[in-house]
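> Quick note, the sequences are listed as chains A and B, same order.
The opening residue of the first sequence carries number 1 in the working numbering; numbering runs sequentially from there.
The opening residue of the second sequence carries number 1 in the working numbering; numbering runs sequentially from there.
Just so you know, not all the hints are guaranteed correct.
To be verified - List time: in silico SDA-like cross-link candidates among lysine to any residue, alpha-carbon distance up to 20 Å:
no., chain 1, residue 1, chain 2, residue 2
1, B, Lys98, A, Thr101
2, B, Lys105, A, Asn190
3, B, Lys66, A, Val121
4, B, Lys100, A, Ser98
5, B, Lys54, A, Ile83
6, B, Lys105, A, Ile83
7, B, Lys54, B, His73
8, A, Lys141, B, Ile106
9, B, Lys105, A, Ser120
10, B, Lys100, A, Arg33
11, B, Lys105, A, Arg33
12, B, Lys100, A, Glu123
13, B, Lys100, A, Pro77
14, B, Lys54, A, Arg33
15, B, Lys31, B, Gln19
16, B, Lys66, A, Val119
17, B, Lys98, A, Ile83
18, B, Lys100, A, Ala138
Rather than coming from a laboratory, the hints here were simulated on the basis of the structure.
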Amino acid sequence: MTTSSDCIIEIKKLRTHLGGTDVHKHIDLSIKRGEILGIVGGSGSGKTTLMYEILGLIKPTSGTIHIFNHELTAASPDILLTIQKRWGVLFQQNALFSSLTLLENVSFPLFEHTCLDQVSVQELALLKILMAGLPIEAAIKYPAELSGGMQKRAGLARAIVLDPELIFLDEPTSGLDPDTAAGFDEMILNLQRTMGLTVVIITHDLDSLWRVTDRVAFLGEGVVLGVDTMQNLVKNPHPLIRNFFLGPRGRNIQHNDNKH
Amino acid sequence: MSAQENVIYDQETQQLICQGEWDLTHFPHLKYLLTKIAWPKSGKLIVDGSAIKKMDSSGAWLLIAKQDELKKHNVDLLFQHFSEAQQTLLQIIQKRLKDKTQLPKIQLLSSLATLGKNTLQQWHELFAYLSFVGSLCLEMLRLIRAPAHWRLTSLSSVIYRNGYQALPIIALLAFMIGVVITYQLGLQLRNYGANVYIIDLLGLSILREFSPLLTAIMVAGRTGSSFTAQLGMMTINQEIDALDTMGVTPGELLILPRIIGLFICLPLLTMWADIFGVLGGMVMANSMLNITWHDFLSRFPNVIPLRTFLIGIGKAPVFALIIASIGCFQGMSVERNADSVGRNTTRSVVLAIFFIIVADAAFSIIFSKLKL
Chain A
1 MTTSSDCIIE
11 IKKLRTHLGG
21 TDVHKHIDLS
31 IKRGEILGIV
41 GGSGSGKTTL
51 MYEILGLIKP
61 TSGTIHIFNH
71 ELTAASPDIL
81 LTIQKRWGVL
91 FQQNALFSSL
101 TLLENVSFPL
111 FEHTCLDQVS
121 VQELALLKIL
131 MAGLPIEAAI
141 KYPAELSGGM
151 QKRAGLARAI
161 VLDPELIFLD
171 EPTSGLDPDT
181 AAGFDEMILN
191 LQRTMGLTVV
201 IITHDLDSLW
211 RVTDRVAFLG
221 EGVVLGVDTM
231 QNLVKNPHPL
241 IRNFFLGPRG
251 RNIQHNDNKH
Chain B
1 MSAQENVIYD
11 QETQQLICQG
21 EWDLTHFPHL
31 KYLLTKIAWP
41 KSGKLIVDGS
51 AIKKMDSSGA
61 WLLIAKQDEL
71 KKHNVDLLFQ
81 HFSEAQQTLL
91 QIIQKRLKDK
101 TQLPKIQLLS
111 SLATLGKNTL
121 QQWHELFAYL
131 SFVGSLCLEM
141 LRLIRAPAHW
151 RLTSLSSVIY
161 RNGYQALPII
171 ALLAFMIGVV
181 ITYQLGLQLR
191 NYGANVYIID
201 LLGLSILREF
211 SPLLTAIMVA
221 GRTGSSFTAQ
231 LGMMTINQEI
241 DALDTMGVTP
251 GELLILPRII
261 GLFICLPLLT
271 MWADIFGVLG
281 GMVMANSMLN
291 ITWHDFLSRF
301 PNVIPLRTFL
311 IGIGKAPVFA
321 LIIASIGCFQ
331 GMSVERNADS
341 VGRNTTRSVV
351 LAIFFIIVAD
361 AAFSIIFSKL
371 KL
């Protein structure tokens, strides 16, 4: 067994039965402290469900999830709250509160979970907004007034405002133009380096996978078909993985990568 | 200063030794400690970070903010012996804060300006509503000539959900109103021994006023709000835009079936309420005023002319148009946030009930002028 301090999340024998089908049959996965782990898989392979289970939003049918060395399904509300303060989440649709301005959105977790004075809250929230690469003028705007890319950045700013040890990113680069997406990748790497984050990133974006991840877990057929670095994972002979990475789009990227 | 403190200031060597945990949990305490230090008037100061166990961006921000503040008083802070990651963090924050300009203020309007703004807003909304009604009329004219575009499925589902499914609640409501009216009036009539006149009073008030008005108010709360919420969610979800791009106007598929559906339902519901209102009155008259079923039913057609019933029923289509058009208009003018759905749903119900009562008052005046 790996030492507990190495692993920030440890999933064992996870089974999920939803809507008459087994979404996950048997999932074993451990995520190490400080790494960037990508979770990929075809559409409907249960990537988002897995994230929701780690976040405690969906209860797995059986199996255990240990996070920060706490068993999640058996955690008392107090323990759950301390866990929740230590992670940040960027949802697929950003999930910004539409009735609050960006600054209020980002300062919300600070108001809820710390006892800072108003000025410090505002300054720290503004710092995170700037760190996420947003202009200061955006701070007083409502989410509906921001473009898609800015909304993603705003979601990220809110996810990192409590300086979490662990962040979850669900499709962070979907719907962004290649340039913005590349900028987003750099930002994630930057944040990871400076703040020592552990990042769990669910994505279909092969460019992102090559650029930012340390390891990638491939979900399919209800199990983890492979966990490895991108270089090794693309060599995996499993037909699902081959089709995913070596399809018409995947091959292209690998080709580019070889050229460098 | 005790040894556990996170900040130790050595005045002789001009050193500030930071230690322990510099994170969000200790932020208020750290901030307080930094204010307590007797900073020198000028010169250089070395900040030693070798003993810092853990530093996150809030701790780093605190140091950078202090550095900025002291720079204005000619005191330079130099960061030394920070780990590599901490140094990058400090640099990033330093760089970001340099970009930072003053947060633009949200301008607050004076009360007079607010009044003017609101007036203009209402004025614009009135025009928007009128053009909404106008475009629907045009849409209607277009559809009359194209029966293939009549959405009978949507229409029947509107009638089912907002007419048929409302039958029990409307019946119960009308029955209780009949009971209450008979009870209150019966107490007075009994004093004069004029028990039998309860039939006149009941028939007139229920058929002409109470049942159309109460049914309309009930339906405004039940149906008008659901129209607004449905269309509002569809607007937010871009479903309305999707329909528009597919060459199907939302008016044809969504709005007209709702308006026409309610136009058909509400008179029927009013008639339904008439029946139960009178029934409630009849039960009460029987038990309290000793008027037999037979007496009640044989006197009723003699004292209540058909006209009373028709006037009551005649108001219902107008109320239906008010409820459905306001409900749909508010739904279509939802902005893309959750607040707006709630606000517009409230507005939809309040405005509908308001205009129902205004219309009812107008009807009373018109009918009295016409001596009906």
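> Would you check the hint for Lys100 of chain B and Ala138 of chain A, treating anything up to 20 Å between C-alpha atoms as holding?
It holds: about 12 Å lies between the C-alpha atoms, which stays within 20 Å.
> Lys105 of chain B and Ser120 of chain A: Cα distance at most 20 Å?
holds (18 Å)
> Does Gln19 of chain B lie within 20 Å of Lys31 of chain B when you go C-alpha to C-alpha?
Satisfied, since the Cα-Cα distance of roughly 14 Å is no more than 20 Å.
> Decide if the proposed pair is consistent with the structure: Lys54 of chain B and Arg33 of chain A, CA atoms, cutoff 20 Å inclusive.
Given that 20 Å is the threshold and the Cα spacing comes to 15 Å, the pair holds.
> Given the proposed pairing of Lys100 of chain B with Glu123 of chain A, does the C-alpha separation stay at or below 20 Å?
holds (11 Å)
> Hey, Lys54 of chain B versus His73 of chain B, does the alpha-carbon distance stay inside 20 Å?
violated (29 Å)
> Assess, step by step, whether the Cα of Lys141 of chain A is no farther than 20 Å from the Cα of Ile106 of chain B, and give holds or violated.
holds (10 Å)
> Mind checking the alpha carbons of Lys98 of chain B and Thr101 of chain A for me, to see if they're no more than 20 Å apart?
Not satisfied, since the Cα-Cα distance of roughly 23 Å exceeds 20 Å.
> CA of Lys100 of chain B to CA of Ser98 of chain A, is that 20 Å or under?
Violated, at about 25 Å.
> Hinted pair, alpha-carbon criterion (20 Å max): Lys100 of chain B, Arg33 of chain A. Please report holds or violated.
violated (33 Å)
> Compare the distance between the alpha carbons of Lys105 of chain B and Asn190 of chain A with 20 Å, and conclude whether the hinted pair is satisfied.
violated (31 Å)
> Are Lys100 of chain B and Pro77 of chain A close enough, with their CA atoms no more than 20 Å apart?
violated (39 Å)
Of the numbered hints stated above, those contradicted by the structure are hints 1, 2, 4, 6, 7, 10, 11, 13, 17, listed in ascending order.
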